Structure formats: C-alpha cells, structure tokens
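Listed in order, the protein sequences are those of chains A and B. The first sequence begins at 1 in the UniProt record's numbering and counts up by one. The second sequence begins at 1 in the UniProt record's numbering and counts up by one.
Hints in this document: simulated from the structure, not taken from any laboratory. Note that this is a predicted model, so its numbers are computed, not measured. Check the hints yourself; a few may be wrong.
The list makes no distinction among identical chains, and a pair is therefore deemed to hold if it is satisfied within one copy or across any two copies.
[Claimed, not checked] Straight-line distance between alpha carbons at most 20 angstroms, and here's what the computed EDC-like set of lysine to aspartate or glutamate pairs gives:
no., residue 1, residue 2
1, Lys-234, Asp-204
2, Lys-152, Asp-120
3, Lys-152, Glu-238
4, Lys-152, Asp-85
5, Lys-152, Glu-213
6, Lys-16, Asp-199
7, Lys-16, Asp-143
Protein chains: 2
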Amino acid sequence: MERINSKQNQTIKEIKKLHTHKGRQKSGEYLIESWHLVQEAINYLNLNQVVTILATEDQYLAHGDDLSGENIIVISDEIAAELSDTSTTQGIFAVCKIEEQSFNVQKDSGAWLLLDNVQDPGNIGTMVRTADAAGFAGVIFGDGTSSEYNGKVLRAMQGSQFHLPVIRMNLKKAMEIFKAQHVKIYGTELNPDAINYQDVQPMDNFALIMGNEGNGMNKDLLKMTNDNLYIPIKGNAESLNVAIAAAVIMFRIKS
Amino acid sequence: MERINSKQNQTIKEIKKLHTHKGRQKSGEYLIESWHLVQEAINYLNLNQVVTILATEDQYLAHGDDLSGENIIVISDEIAAELSDTSTTQGIFAVCKIEEQSFNVQKDSGAWLLLDNVQDPGNIGTMVRTADAAGFAGVIFGDGTSSEYNGKVLRAMQGSQFHLPVIRMNLKKAMEIFKAQHVKIYGTELNPDAINYQDVQPMDNFALIMGNEGNGMNKDLLKMTNDNLYIPIKGNAESLNVAIAAAVIMFRIKS
Numbered sequence: 001m002e003r004i005n006s007k008q009n010q011t012i013k014e015i016k017k018l019h020t021h022k023g024r025q026k027s028g029e030y031l032i033e034s035w036h037l038v039q040e041a042i043n044y045l046n047l048n049q050v051v052t053i054l055a056t057e058d059q060y061l062a063h064g065d066d067l068s069g070e071n072i073i074v075i076s077d078e079i080a081a082e083l084s085d086t087s088t089t090q091g092i093f094a095v096c097k098i099e100e101q102s103f104n105v106q107k108d109s110g111a112w113l114l115l116d117n118v119q120d121p122g123n124i125g126t127m128v129r130t131a132d133a134a135g136f137a138g139v140i141f142g143d144g145t146s147s148e149y150n151g152k153v154l155r156a157m158q159g160s161q162f163h164l165p166v167i168r169m170n171l172k173k174a175m176e177i178f179k180a181q182h183v184k185i186y187g188t189e190l191n192p193d194a195i196n197y198q199d200v201q202p203m204d205n206f207a208l209i210m211g212n213e214g215n216g217m218n219k220d221l222l223k224m225t226n227d228n229l230y231i232p233i234k235g236n237a238e239s240l241n242v243a244i245a246a247a248v249i250m251f252r253i254k255s
Numbered sequence: 001m002e003r004i005n006s007k008q009n010q011t012i013k014e015i016k017k018l019h020t021h022k023g024r025q026k027s028g029e030y031l032i033e034s035w036h037l038v039q040e041a042i043n044y045l046n047l048n049q050v051v052t053i054l055a056t057e058d059q060y061l062a063h064g065d066d067l068s069g070e071n072i073i074v075i076s077d078e079i080a081a082e083l084s085d086t087s088t089t090q091g092i093f094a095v096c097k098i099e100e101q102s103f104n105v106q107k108d109s110g111a112w113l114l115l116d117n118v119q120d121p122g123n124i125g126t127m128v129r130t131a132d133a134a135g136f137a138g139v140i141f142g143d144g145t146s147s148e149y150n151g152k153v154l155r156a157m158q159g160s161q162f163h164l165p166v167i168r169m170n171l172k173k174a175m176e177i178f179k180a181q182h183v184k185i186y187g188t189e190l191n192p193d194a195i196n197y198q199d200v201q202p203m204d205n206f207a208l209i210m211g212n213e214g215n216g217m218n219k220d221l222l223k224m225t226n227d228n229l230y231i232p233i234k235g236n237a238e239s240l241n242v243a244i245a246a247a248v249i250m251f252r253i254k255s
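Just chain A, same shape as in the assembly (with noise of 0.2 angstroms):
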C-alpha cells in the first residue's frame, strides 16, 4: 500500500488529468469517485481493468476489508479534494481502464438506446441508468452526444455503466446493423403526427432513439426509422426533459 501526502506528486497529477477528454485518450483510462462506484467497479470489471484505488485514510479503514487485492494508494483529504470533481468528496475513486465495448447485435438482442447528440451529461447518465432498470439491452452513444467518462455522466449513471454495455458509435451506422437484423427503430419528435406512445404494444427487441435537448432528432436520422413517437402533453408545459421522456417510452414500451 503506497501512501501519497503532496498534490505535487507526479502520480496525483497524471490522474488529474483523467477529468480531460484529451487526458483519458492518452492514458486510455478514467477515474470514477464514490464507494458505490468503486464498488460497482470491483463487482462487474475484470481485476486487471481496475488499476488503483485512491481512498483517504477514512475510506480506508471504513473499506480496506473490501479491497483485498486491490492496487490501493492512500491518499491526505487535501488531494480527494483536488481529485473530486464535487464539492463534498467521500474521499474514494478508483482509475479505471478505458475498453472498447464491442457492438454485436443479434436479431433478438433486446431493446436498445441511441442518443443522439445529447448534451446534459445529467440527462445522458440519467438515461443509462433508467435504461438498465428497465431492462435494457445497452445504449449506443452516437455523435456529439457527451463522453460517458465525464464526471457527471459517470455519477448520473450509477454504475449502471457496468451493468449493460455502454458503447460510442455513428448512429446511422448504428441504424444500418439494426435494419440489417429487422430489428424495428423508433425515432421520437415533439410532433402529433407521429405516434402516441401509448398505441405501441409492449416487446422485447427494439432500438428507441432519443435527440438532443433543443433540437431533438437529426432530420436525416428520423427519415431512416420504422416509426417516431411522441408523447401526448397534457397540461401548458411546452415539453419534456429528454431524460423524463425517455424513462416514460421505455417503461412503457418495453416488455
């Protein structure tokens, strides 16, 4: 077990860089915080995709027990709060490596998730999580939709991250491989025209696609569905969060 005191320390400031895009590329690694993550990290990774545990003195007494055979490295309470990108730290992360899910859709694979440029990173966590609960398949991450290693995807998520592949792929490229399977595609627009959600039958393989928070749907991505569905709103609200309307599709379409 190492023990680092200084946030001038080479290591610390390697992992700080983890908060960056650019940094996560060059390490091929990203750092999750919290006991609940670190603990999802633990259940649903291979040992060799968890590289260090951080954790303050405090953390460690409450959780050594539990992180037997980790790579551990005990760090002062000053550098959990430079590590955190939260203003109240618990004062445990884990750096984690970055691997590639693969996209392998079958004709009965379940009911899938596509985001399309969608920018809250709370939205976009949100969405993954409720997609696990749901009993989803995984979530494609199409383009410019926010990375799923940003801190506030991350925690949004859960850990569901762990629990359904999360995977970053062209959405029309995407959309192609599901045509190809005769998987059925639904495209969603504030729109009457299209289709209450209500009047789809629940089922087990599909691929819903949800669009970005102002904007909604890429117009060319909308042409290549089978159908797009709404949702009827009731009272003077102009619209739904992206996050609500996907949790009230998904609930209620799949079986």
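The hints should help you fit chain B onto chain A, whose structure is shown.
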C-alpha cells in the same frame, strides 16, 4: 426606462439578495432568468406580480416590443453576469412577487403531486414540469423540500409554476384534507411488497407522494396512505432517480 451600469447600484445589490432565502423572505420577491421564463411570467402572472424586467442592451433590442407596459431596467453585460446563477446568461431577468397560493382541494380536483423532503433542485423542478405535462392539478412542497424560488428549481420548472399551483404545506396536513375529501393517496417505496404501479387503473383524482432521494418517504406518512406503489426494476440498477420514477408513475396512472 432606467439604465444601470454599475454593480454597486443599490437596486442591483438588493436584487442580488433574491438568490438567498433570507433575501426573498425580506422583500417578498424572487428572481427568474431567461427569455422563456420572463415570457411565461408576463403571460401567466397578473401585471402587478411582475415587478421589474432587467435586460441587457441586446436582450432589450430583441424583446423590447414584447415588453410594453413593463417596468424595464437596461443593465450592462457585467451586471447580467453578476445577477445570473448560470455560467452563460442570456441577459434577461424578471423580479416577481411571491404570492402564497391557497390549497383548496375539492373531491374532483384532479391529480396532485406531493414532494416529501426532496432535496435536489433539478429533480424538484423537473417533477413540477413533468406534473404539468402529465395534466396534474398541482404540486405540494412538503417540509424539507428545497425552495420553489431556488434558481435551479426555477430553471428546471421551465415556467410550469405559472401553469399549475405550487404550494408549500406540511404533508400530514395536506393528506388529512385529501382524506376528508375521499381522494385516494398513493405513497411510493422501493419495496416489492408494495403494489406494482402497472396494476393501478388510470384515474383522474388522486394524490401521489414522492420521497427523499436517499431515504425515500417518511415512515409516518407511508402509513397514512391508501396504497404504496413501486416500480419493478428489471436490470441491475439499484433504483431510479426520483424525478424519473415520478414521471413513469404519473404518466401511467393519470388518465
């Protein structure tokens, strides 16, 4: 039309205080931000409830025509940045009067969402917006639930607070009123012994209670309900975000 260019101006200093609970209580006013919310306030509030509009030169040029009859102050970009609680402000604000909304439930008064000690401003605002879209009659903020005038709550509500009553009230007291009117009250809990929300027939008049993010609903309130609902989790997620759970249930059981 007044013009203020100094951050030291007393009016600006007073308006800045509206970001705090104490400041709002003292003045009986609150601050909203963005053209969308200002528009909603103008459309839905009485004239005397919108006290002052603050707009940068750009925003005044863009929207001045829609603001005739309003008390307008043109402010510098620097003041706009100072008044905003976002990192990228549009530069338009309104100071509105706080007016207590009375809770007057009749037997057939629709569906009500009750928030029991919900903490996260984004979750709270999103639930009000979702209740609006699902055709709910109103939302009651119970003890411990973050302020309806908090900047993040206001932003997430997207103006829905102008479409339906948002009332602050002790939930035990509110439940007694619903009970006296024979309105059915549903609690929510993460407990498979509760009723699957899908087994509830859609209806018009009821109260639905959502609990705290970490601890769920208050145990005493859970005992006062007619029934308690849960959402079966199919994947490996431990739970749903509270705003997501609220949306799934609201859109399912409100006819």
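Here is how each hint holds up against the structure:
For the homomeric pair Lys-234 and Asp-204, the shortest alpha-carbon distance between copies (12 angstroms) is at most 20 angstroms, but the shortest distance inside one copy (28 angstroms) is not. Taking CA atoms no more than 20 angstroms apart as the test, Lys-152 paired with Asp-120 passes in both settings, with 9 angstroms inside one copy and 15 angstroms between copies. With identical chains, the CA atoms of Lys-152 and Glu-238 are at most 20 angstroms apart between copies only, with a shortest distance of 18 angstroms across copies and 26 angstroms within one. Taking the shortest Cα distances, Lys-152 and Asp-85 sit within 20 angstroms of each other both inside one copy (8 angstroms) and across copies (19 angstroms).
In this assembly of identical chains, Lys-152 and Glu-213 lie within 20 angstroms of each other by CA distance both inside one copy and across copies; the values are 17 angstroms within and 17 angstroms between. Within a single copy, Lys-16 and Asp-199 get their C-alpha atoms no closer than 49 angstroms, and across copies no closer than 49 angstroms, so neither meets the 20 angstroms cut-off. For a Cα distance limit of 20 angstroms, the shortest separation of Lys-16 from Asp-143 qualifies neither inside one copy, at 26 angstroms, nor across copies, at 40 angstroms.
Taken one by one, the earlier hints fail for this structure at numbers 6, 7, listed in ascending order.
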